[in-house]
Amino acid sequence: MSFVTQFVTLAGRVVPRRVSAVTYGVIAGLLAVGVQVFFGVKPPPAYGICVACHTRDVIDWLANHLLGTRWEIAPVSLILPLLTTVGMLIGAYAAARRNNERRRVALGGHWRSFVCGILVMNAAIVALGCPTRLLLLSAYGDFLAVLAVGGVIAGILAGTFLLARGIVS
Amino acid sequence: MVPALVTLVMGIILGYLAQRSRICFIGGLRDFVLVRDTELLKGAVAFFITAWLAFSVAGALGLVDWRAPAYAGGNPTQETIVGNDRQTAEPATGGLGVGLPILATAVIAGLGVGLFSTLANGCPTRQHVLAAQGVRDSVFYLGGFYLGVVLYNLVTKPLLALIF
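The listed protein sequences correspond, in order, to chains G and P.
FYI, the numbering for the first sequence is 0 to 168, going by numbering that gives the first Met the number 0.
FYI, the numbering for the second sequence is 0 to 163, going by numbering that gives the first Met the number 0.
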């Protein structure tokens, strides 16, 4: 835990309290391309950030090694899976702790969130990745990802309509 | 080994910044439609433009291999086939080269991602941040996320294999 404390202190000193969404977008974009170009996070291409696929790689890697299954894994994750999502949990936890935003909150939609998690994961794997990677792939020049982003936009509009009209509360 | 460690560090940085910026690519469009708030939407656009420019610069410097290796085309006996990615293993910048069913699948699956992420109140990135922050709903979401991988392998993939 002392590592966490040290990291939290350091991060609190380096990162300002408020970070704009644009700053996040620029840094994430540079990192996503940077890890592919300089650190060999490929193949597949444009795989630098993908919350869904990297989670899939971790779980399938564990299943393949522990249970002897042969579930699909991205080639880059064969030896050790990409740990982006694990890092994200650590980083977000540190940021929340540093700024006293860690609270146990229950919004009351447990099982809906659970089902949505299942559905989003399945749809995301079929659609080449989570929204972040779809944008990344589009930037890479993959036409299929552009189509999928179109689908995502339509889905958000449909979902917002359902929520705004109170059809789904 | 190196990719795993690099992405772990990258994930920590992204998680920290995501918590501070409340970024959510799904929430960007939702907020714009609902209350005309463009803050989060600008983040998504900035991500796309930055990645596009970075890929262009890296490509001009010869650092990007636009023709990705056809790892799935040659010998798909190993467990290294990435979901739908066998299509992107082809030249990424080239023409379509894929049939209508695959195009339709991409759009429909994208639709599912957008719809269910909106109903869950945020994209996967945001859910990770909220779960780390202590929001119980997002912890449940992550549980579903992990179970979803198992269900994909056991149910969705065989179903898709029937169609294609």
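Because the hints were derived from the structure by calculation, they are not lab data.
Just so it is clear, the structure is predicted and the values come from calculations on it, not from any experiment.
Built from N, CA and C at the ideal position, the CB exists for glycine as well.
Treat the hints loosely; a few may be bogus.
With the C-beta cut set under 10 Å, the calculated list includes, among others, these residues of chain P facing chain G [to be verified]:
#1 PRO2
#2 ILE22
#3 LEU39
#4 TRP51
#5 ILE107
#6 THR117
#7 GLN132
#8 THR155
#9 PRO157
#10 LEU161
Covered, in the sense of this in silico footprint (three residues per stretch, anywhere, with C-beta under 8 Å from a C-beta of chain P), are these stretches of chain G [said to hold, decoys possible]:
#11 14-21
#12 58-69
#13 99-107
#14 118-130
Some but not every residue of chain G turned toward chain P, in silico, with C-beta under 8 Å [said to hold, decoys possible]:
#15 LEU9
#16 ALA31
#17 THR83
#18 VAL85
#19 ALA95
#20 VAL151
#21 THR159
#22 GLY165
#23 ILE166
Restraint: P/ILE22 near chain G, CB-CB cut 10 Å. Satisfied or not? For P/ILE22, the interface hint holds, since the closest Cβ of chain G sits about 5 Å away, which is under 10 Å.
Coverage of the stretch 14-21 of chain G by chain P, judged on three or more residues with CB within 8 Å: n = 8 at 8 Å, threshold three: holds.
Should the interface hint for G/VAL151 be scored as holding, given a Cβ-Cβ cut-off of 8 Å against chain P? holds, 4 Å
Would the hint on G/GLY165 be counted as holding, given a Cβ-Cβ threshold of 8 Å to chain P? At about 13 Å, which exceeds the 8 Å cut-off, the nearest Cβ of chain P leaves the hint on G/GLY165 violated.
Next item in the hint list is P/LEU161. Is there a CB on chain G closer than 10 Å to its CB? violated, 14 Å
Double-check G/ALA31 for me: the hint is only fine if its C-beta lies closer than 8 Å to a C-beta in chain P. The hint holds - G/ALA31 has a Cβ within 8 Å of chain P, the shortest such distance being about 6 Å.
Is the interface hint for P/THR117 satisfied, with its Cβ closer than 10 Å to some Cβ of chain G? Where the cut-off is 10 Å and the nearest Cβ of chain G is about 3 Å from P/THR117, the hint holds.
Chain P contact restraint for G/ALA95 - C-beta distance below 8 Å: holds, 4 Å
Status of the P/TRP51 interface restraint (C-beta, 10 Å, chain G): holds, 4 Å
Is the interface hint for P/PRO157 satisfied, with its Cβ closer than 10 Å to some Cβ of chain G? With Cβ-Cβ at 12 Å, over 10 Å, it is violated.
Has the stretch 58-69 of chain G got at least three residues whose CB is nearer than 8 Å to a CB belonging to chain P? holds (count 6)
Is the hint on P/PRO2 kept, meaning its closest Cβ partner in chain G is under 10 Å away? holds, 5 Å
The structure fails to meet hints 9, 10, 15, 22, 23 from the earlier list, while all remaining hints are met.
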